[in-house]
Amino acid sequence: MSKKLTNTLYALLFAALVLHPHFVDHIGPIARPYAQSLVIFLLSGITYAVYRLHRWEIRRNQVLQDSLRVSEEKMADSFAYIGSVNRRLPLFKQVSTDLLATYESTKRGKKTIFDNLLAVAVNSIAQARWGLLRFVEVNTGRTVKEFWHAGKEDVFSLPPVSNRELLASRGQTANNKGMNGLCVITTSDKEACVQGFLVLSARSDGLKDGHSLLQALVDQSQLFYKYLFV
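Heads up: the sequence shown begins at 16 in our numbering, then just goes up one per residue.
Hints are computed from structural coordinates only; laboratory data are not their basis.
Some clues are possibly wrong.
To be verified - Calculated pairs, DSS-like style, for lysine-lysine (alpha carbon to alpha carbon, straight line, at most 30 Å):
| no. | residue 1 | residue 2 |
| --- | --- | --- |
| 1 | Lys89 | Lys126 |
| 2 | Lys160 | Lys89 |
| 3 | Lys19 | Lys122 |
| 4 | Lys125 | Lys205 |
| 5 | Lys19 | Lys126 |
| 6 | Lys205 | Lys241 |
| 7 | Lys160 | Lys125 |
| 8 | Lys19 | Lys125 |
| 9 | Lys160 | Lys205 |
| 10 | Lys241 | Lys126 |
| 11 | Lys122 | Lys160 |
| 12 | Lys241 | Lys125 |
Since the structure is predicted, the reported quantities are computational estimates derived from the model, not experimental observations.
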């Protein structure tokens with residue numbers, strides 16, 4: 016029901032309510048006062064029904080507008096995420112094919128691969144102040160390999176990271192993994208004897224949008240560890 020039609024109905028009902036005494040004399044055996052009261056009652060009922068119908072349409076339109084707004088926001092977020100992923104896709108070639116193509120089978124060459132992986136995670140994806148990539152032996156809790164990446168101003172302020180807490184974080188959900196305000200992303204390979212952990216500083220602007228990319232990078236690091244050190 017359009018707004019114009021609703022206003023027209025209200026106007027007609029108001030006019031009928033005002034003018035009906037001039038037209039209603041009696042209804043059959045019903046005397047004039049009772050007949051006019053009956054007409055007033057009927058007109059009031061019709062007016063109330065029109066009002067309720069109008070309110071129902073207003074609420075329905077509001078729900079539709081809210082749903083449309085939410086859909087538009089989700090679509091905008093999806094396009095933003097797709098754009099972010101498209102911009103970052105070349106990074107995976109950089110940290111997979113390109114790294115192996117330039118790989119040197121030396122201790123320094125192996126370290127370079129993980130340094131580059133960590134630099135991409137910290138600088139390009141998470142936009143964090145610093146990051147730690149650590150491989151921990153599950154049975155003993157011993158650190159097998161460890162790689163740091165930080166800016167010059169953060170080198171001397173890196174916090175201690177406990178292997179016990181890292182191993183405990185494996186049972187947490189992806190959105191809640193963390194310790195002492197730090198973000199922890201664990202490898203998806205839960206059966207490995209040595210498992211990789213990516214630890215990032217609390218001030219990490221890209222974590223919300225880049226978590227899936229960081230997870231893929233950690234899993235890539237786990238594969239590189241098996242390929243290069245096992």
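Checklist line | Proposed proximity, Lys160 with Lys122 (alpha carbon, max 30 Å) | finding: holds (12 Å)
Margin query: Hint check: Lys160 vs Lys89, CA-CA at most 30 Å. Holds or violated?
Written below: violated (41 Å)
Margin query: For Lys125 and Lys205, compute the direct alpha-carbon distance and say whether it is at most 30 Å.
Written below: Distance of about 23 Å is within 30 Å: holds.
Check: Taking only the CA atoms, is the gap from Lys19 to Lys126 under or equal to 30 Å?
Finding: The hint is violated at about 74 Å.
Next item on the list: Sort out whether Lys126 lies within 30 Å of Lys89, counting only the CA atoms.
Entry: Roughly 41 Å separates the two Cα atoms, so the pair is violated.
Notebook entry, point to check: Can the restraint linking Lys205 and Lys241 be considered satisfied, given a maximum Cα separation of 30 Å?
Noted result: holds (14 Å)
Check: Regarding the pair Lys241 and Lys125, is the alpha-carbon distance no greater than 30 Å?
Finding: holds (12 Å)
Next item on the list: Sort out whether Lys205 lies within 30 Å of Lys160, counting only the CA atoms.
Entry: Answer holds: Lys160 to Lys205 is near 18 Å, not above 30 Å.
Check: Quick one, are Lys241 and Lys126 close enough, alpha carbons at most 30 Å?
Finding: holds (14 Å)
Note to self: Would the hint linking Lys19 and Lys122 be met if the CA-CA limit is 30 Å?
What the structure shows: Violated - the C-alpha atoms of Lys122 and Lys19 are around 80 Å apart, more than 30 Å.
Margin query: Check whether the Cα positions of Lys19 and Lys125 lie no farther apart than 30 Å.
Written below: violated (75 Å)
Margin query: Run the distance test for Lys160 versus Lys125: straight-line Cα separation, threshold 30 Å.
Written below: Given that 30 Å is the threshold and the Cα spacing comes to 11 Å, the pair holds.
When each numbered hint is compared with the structure, violations occur for hints 1, 2, 3, 5 and 8.
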